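Asker: Spelled out from the first residue to the last, the chains are:
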Amino acid sequence: MKKIDKERLLLGIAAPVLAIVVAFLVTALVLAATGKEPFSAFGIMFDYGMKSDSQVYILNKATTYYLAGLAVAVGFRMNLFNIGVDGQYRLAAFFAAAVGGALTLPGALQIPLIILTAVIVGAMWAGIAGVLKVTRGVSEVVSTIMLNAIATAIIGYLLQQGRLGHLDEAGTKISTNPIPESSHFFEFPTTPSPVWGFIVIAVVAGVAYWFTLSRTRFGFDLRTVGQSGSAAEASGVDVKKMVVTSMLISGAVAGLVGMPTLLNDSYEYSGDFPVGIGFTGIAIALLGRNHPVGIALGALLWGFLERGTGKLEFEGYDKEIVGVIQGVIVLCVVIAYEVVRRYGLKRQQSKVGAELAAQAAARNNDQQEVSA
Amino acid sequence: MRRVSKITAACAVTATLALTASACGESSTESSGSDKGKMKIGMAYDVGGRGDNSFNDSAARGLDKAKSEFGAETKELTAKTGETPADREQRLESLAEGGYNPVVAVGFAYKDAVDKVAAKYPKVNFGLVDSVATAKNVDSIVFTEEQGSYLAGVAAALKSKDGQVGFIGGVDLPLIKKFAAGFQQGVLDTNPKAKVQIQYLSTGSDLSGFGSPDKGSAAAKGMLDKGADVIFAAAGGSGAGSIEAVAGKKGAWSIGVDSDQALDPSLAKYKDTIMTSVVKNVDGGVYDLVKSVKDGKPLTGTQTYTLAKDGVSLTTTGDHIKDIQTKLDEAKKKIADGTIKVKTTT
Chain U
0 MKKIDKERLL
10 LGIAAPVLAI
20 VVAFLVTALV
30 LAATGKEPFS
40 AFGIMFDYGM
50 KSDSQVYILN
60 KATTYYLAGL
70 AVAVGFRMNL
80 FNIGVDGQYR
90 LAAFFAAAVG
100 GALTLPGALQ
110 IPLIILTAVI
120 VGAMWAGIAG
130 VLKVTRGVSE
140 VVSTIMLNAI
150 ATAIIGYLLQ
160 QGRLGHLDEA
170 GTKISTNPIP
180 ESSHFFEFPT
190 TPSPVWGFIV
200 IAVVAGVAYW
210 FTLSRTRFGF
220 DLRTVGQSGS
230 AAEASGVDVK
240 KMVVTSMLIS
250 GAVAGLVGMP
260 TLLNDSYEYS
270 GDFPVGIGFT
280 GIAIALLGRN
290 HPVGIALGAL
300 LWGFLERGTG
310 KLEFEGYDKE
320 IVGVIQGVIV
330 LCVVIAYEVV
340 RRYGLKRQQS
350 KVGAELAAQA
360 AARNNDQQEV
370 SA
Chain E
0 MRRVSKITAA
10 CAVTATLALT
20 ASACGESSTE
30 SSGSDKGKMK
40 IGMAYDVGGR
50 GDNSFNDSAA
60 RGLDKAKSEF
70 GAETKELTAK
80 TGETPADREQ
90 RLESLAEGGY
100 NPVVAVGFAY
110 KDAVDKVAAK
120 YPKVNFGLVD
130 SVATAKNVDS
140 IVFTEEQGSY
150 LAGVAAALKS
160 KDGQVGFIGG
170 VDLPLIKKFA
180 AGFQQGVLDT
190 NPKAKVQIQY
200 LSTGSDLSGF
210 GSPDKGSAAA
220 KGMLDKGADV
230 IFAAAGGSGA
240 GSIEAVAGKK
250 GAWSIGVDSD
260 QALDPSLAKY
270 KDTIMTSVVK
280 NVDGGVYDLV
290 KSVKDGKPLT
300 GTQTYTLAKD
310 GVSLTTTGDH
320 IKDIQTKLDE
330 AKKKIADGTI
340 KVKTTT
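Residue numbers (numbering that gives the first Met the number 0), protein chains in the order written: chain U, 0 to 371; chain E, 0 to 345.
Isolated chain E (complex conformation):
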């Protein structure tokens, strides 16, 4: 009894000490200085980071372009799975404190963190990709994914022989649902008799649907068996599985996402079956922000990168959509002038 109570007392004292100690002592942010002159760009990626062949990579391209053009110094940090909001704030704070300006956060998960940290560092310019922040010194970079997907839907409906097309979403996140909604609308506007199969590979916080080519392949095979001959996979790394499965069926097309997948070396074998890819110009958004900071007129508020401004577009590698280009341009024009309003939810 006595022994245990002694230990308890000891640990209580240690805990109290630890608590009081935390209020004093040097803070890590006080000791670091920031040097002026050279431009320093900080990037905070979402899970996956540089090399994900998806939107993190797209952001990285924008960074690389700005880096070589302005001779800037860069620092890239990447999120881990299982992070708390505090971890994301910490990441942004360490960049802001380290003298990096602008600081770009890639991914909507950073929204709350950007709001908090931007308020704390009003003189630093922040960028936030895929979400809208409320703080004033933030450039919110958002895309009209549904418009690009609408065009993909138009192309799918025109290329499909019997109007059976499929959509594979990685995870049923709102962002992916925007792709699904636009695609479905584009297909049905072009061919009202068409049938769109929609499937998500995983749900909610289970993000495995973005990284499981086997699941993508299984889903695509199921759709092909049901008669689909064009499949659009907005599923990150799982899309490769879908593209592979589609290549196994003669006359079937796949539509890629995020980057031009026909140019992806790992998919080179299947490039003749990749009709087009819906790309999001994240690199352009990042570059615009860096340039604006360089010019002393930092972008703030929401920059919406639309189809009309080439913020989202279809790739033309392989010239597979050359024959329907006029119809695509027509649809693009209608979206641009507002004749067609693309839905963001299915």
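Just chain U, same shape as in the assembly:
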């Protein structure tokens, strides 16, 4: 029993490692094709990525990416493709920023209130897609991607002078009222720059994800529905309820995605609030195989690659190269998982076959002995 686990673990690790190695090889080829020496580029990236301020940057970036990966993974486990994490986190962060900027409660009250607002808004926005799916049979892929566009329009409408936005004195930047200093999230006073305190929430979310999925009846039902809806239904699971619930959870986690930036960095929602993290989350969930630890590693890798870009650009490399690495990694991951899965399956089959053959041989022997 224990041996099989070890083997599965090895196979599980083999896929992402294979993918990353292949991705770097492909990138090396691309770099060589552009007339640059590839290994010095990797050298620069690793060298720079290991510096202490890079570590802080990577951890802070990974906090956001981790939450995005988790939000997508909740859906994936249920066989739901929530492309709408992007709209969900932006809408959630926007309303959270508006609430945070409007109130001046003590931080101990206001911070949870801001986070709660984000979670609820995110959940409601994703819930729309869930309800549409179970009542009208609308594919969540279609509805969530459309809800992204609607979220953009709603924010665009409300983030105006006289509504929820205010113009800065130069008249060029529009943002929500800044969140009062008492409601800024805590930071770890590391040098040279602080690590965002929100990393704690991200870790808690990861543990909660792991616990819920693998240690509760609900998680079991969720995974069952993900693997076979009809089988789950036959065993007494209310599939419709599960679809809506898991969309709500996915959206709630998505609501947290904007919080590290809002509560530890920008303290307001303006036109330049980061966009597109929901899509990064999809790549990271794929990379991490929906596993809480895997997603964390994926998020850290993503942060590392982005940190490296800045330096590469500074050293005169094309900054697009990291986009190439990221794209190739995702492609390689999908391919590598399939390759490893097939290899594992084949191995299992041959093993089972060998065991059966051995059993049959043993039986034959027995029979021969009896007959003898």
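Derived by calculation from the structure, the hints in this document are not laboratory data.
Keep in mind that this is a model prediction, so the values were computed, not measured.
There's no promise every hint is true.
To be verified - Output of the computed footprint for chain E on chain U, the stretches with three or more beta carbons under 8 Å from beta carbons of chain E:
(1) 146-154
(2) 165-175
(3) 260-266
As the list claims (entries may be wrong) - Cut-off 30 Å, straight-line C-alpha distance, at most; resulting in silico cross-link-like pairs (DSS-like, lysine-lysine):
(4) E:Lys308 to E:Lys66
(5) E:Lys74 to U:Lys35
(6) E:Lys268 to E:Lys158
(7) E:Lys122 to E:Lys158
(8) E:Lys37 to E:Lys293
(9) E:Lys135 to E:Lys39
(10) U:Lys318 to E:Lys66
(11) U:Lys35 to E:Lys66
(12) E:Lys296 to E:Lys37
(13) E:Lys122 to U:Lys318
(14) E:Lys248 to E:Lys194
(15) E:Lys225 to U:Lys318
(16) U:Lys318 to E:Lys39
(17) E:Lys293 to E:Lys119
(18) E:Lys290 to E:Lys115
(19) E:Lys308 to E:Lys296
(20) U:Lys5 to U:Lys350
(21) E:Lys270 to E:Lys308
(22) E:Lys37 to E:Lys119
(23) E:Lys39 to U:Lys35
(24) U:Lys318 to E:Lys119
(25) E:Lys321 to E:Lys332
(26) E:Lys158 to E:Lys308
(27) E:Lys160 to E:Lys220
(28) E:Lys37 to U:Lys35
(29) E:Lys326 to E:Lys248
(30) E:Lys268 to E:Lys248
(31) E:Lys268 to U:Lys35
(32) E:Lys74 to U:Lys318
(33) E:Lys308 to U:Lys318
(34) U:Lys318 to E:Lys64
(35) E:Lys270 to E:Lys296
(36) E:Lys308 to E:Lys326
(37) E:Lys249 to E:Lys268
(38) E:Lys326 to E:Lys342
(39) E:Lys248 to E:Lys290
(40) U:Lys318 to E:Lys37
Ideal placement from N, C-alpha and C gives every residue a C-beta, glycine not left out.
Mind docking chain E on chain U? Use the hints.
Answerer: Just chain E now, with coordinates in the frame of chain U:
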């Protein structure tokens, strides 16, 4: 159970290690040294960067001029879409740390980043285009876009046959609304009976309106169908679509933005229908800052590049506005002496 808890424990330990490790070790900024003597200019562009045919390019022209004049060394970095404020700070910091002085940030998105980084590097001079910073060692370079647009409005009203004109904004950002407000006021002050159609191609954080010539073309066609015969497009790359659509209607004029679009090689086919362009002298602002640093008297505070100081102006390529130049000069004078106050919001 046991296996999983082991993994959890292992990852908890790794995470803790990673956290503690971040507090020690060498910082990337400690190892780099800065050499003195040669002037080093750092530029941080907004999304699009050099080659956007718009304001990043205009800033780049200022940089190129300063570079050749002072024999300076330059480093240009460009923003990506989907950045966090931390990324922008990082970019400015790497320039400041690399010994670049001045460091110029192009675009209002850099405001908070400039404030933070400028406070951290009090000896470095920063420039910020299109916004006003609060830190002391920053030269805030802002333009009165509404004044240039007012003149464009005057020209549009005079050139339009029946007073029907259109304004196409890329995205409904406050900056673009300044263009709209000035244009509308200029048109209505010149011809109170005129009608101004205003349309934005996208809203809020959806910046696609700056890069979709198809949307620009569709919007322009709609306005032309409703009878407009002069269209001012302040829409970045989408403006090309509008200019193309306008060229399809006989007697209709388009007004360009940011750079002299009649000289843009990709629009050469339509240059006879481009009446004028409202240009922002970002290059001048950048050059002024670099020169002031070179002279040892770095500019700080807010430098407002107005119409009176040629910070914004109308181009005259093709001499299409020659016949109305006296009226334009009159309006310009009134704006300069304060008789006309141009609004910044519609």
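Asker: Does the structure keep Lys158 (chain E) and Lys308 (chain E) at a Cα separation of 30 Å or less?
Answerer: holds, 26 Å
Asker: Assess, step by step, whether the Cα of Lys318 (chain U) is no farther than 30 Å from the Cα of Lys39 (chain E), and give holds or violated.
Answerer: It holds: about 21 Å lies between the C-alpha atoms, which stays within 30 Å.
Asker: Hinted pair, alpha-carbon criterion (30 Å max): Lys268 (chain E), Lys35 (chain U). Please report holds or violated.
Answerer: Status violated; Cα separation ~39 Å.
Asker: Sort out whether Lys64 (chain E) lies within 30 Å of Lys318 (chain U), counting only the CA atoms.
Answerer: holds, 25 Å
Asker: Lys318 (chain U) and Lys119 (chain E): Cα distance at most 30 Å?
Answerer: At roughly 26 Å apart (the allowed maximum being 30 Å), Lys119 (chain E) and Lys318 (chain U) satisfy the hint.
Asker: Are Lys37 (chain E) and Lys119 (chain E) close enough, with their CA atoms no more than 30 Å apart?
Answerer: holds, 23 Å
Asker: Hey, Lys225 (chain E) versus Lys318 (chain U), does the alpha-carbon distance stay inside 30 Å?
Answerer: violated, 45 Å
Asker: Do the alpha carbons of Lys326 (chain E) and Lys248 (chain E) lie within 30 Å of each other, as the hint requires?
Answerer: Holds - the C-alpha atoms of Lys248 (chain E) and Lys326 (chain E) are around 26 Å apart, at most 30 Å.
Asker: Quick one, are Lys308 (chain E) and Lys66 (chain E) close enough, alpha carbons at most 30 Å?
Answerer: Roughly 24 Å separates the two Cα atoms, so the pair holds.
Asker: Verify the proposed pairing of Lys122 (chain E) with Lys318 (chain U), using a straight-line Cα cut of 30 Å.
Answerer: holds, 29 Å
Asker: Between Lys308 (chain E) and Lys318 (chain U), is the straight-line Cα distance small enough, at 30 Å or below?
Answerer: Violated, at roughly 38 Å.
Asker: Okay, the segment 260-266 of chain U and chain E, do three or more residues pass the C-beta test at under 8 Å?
Answerer: holds (count 3)
In this structure, the hints that do not hold are numbers 7, 15, 31, 33, 35, 39, in rising order.
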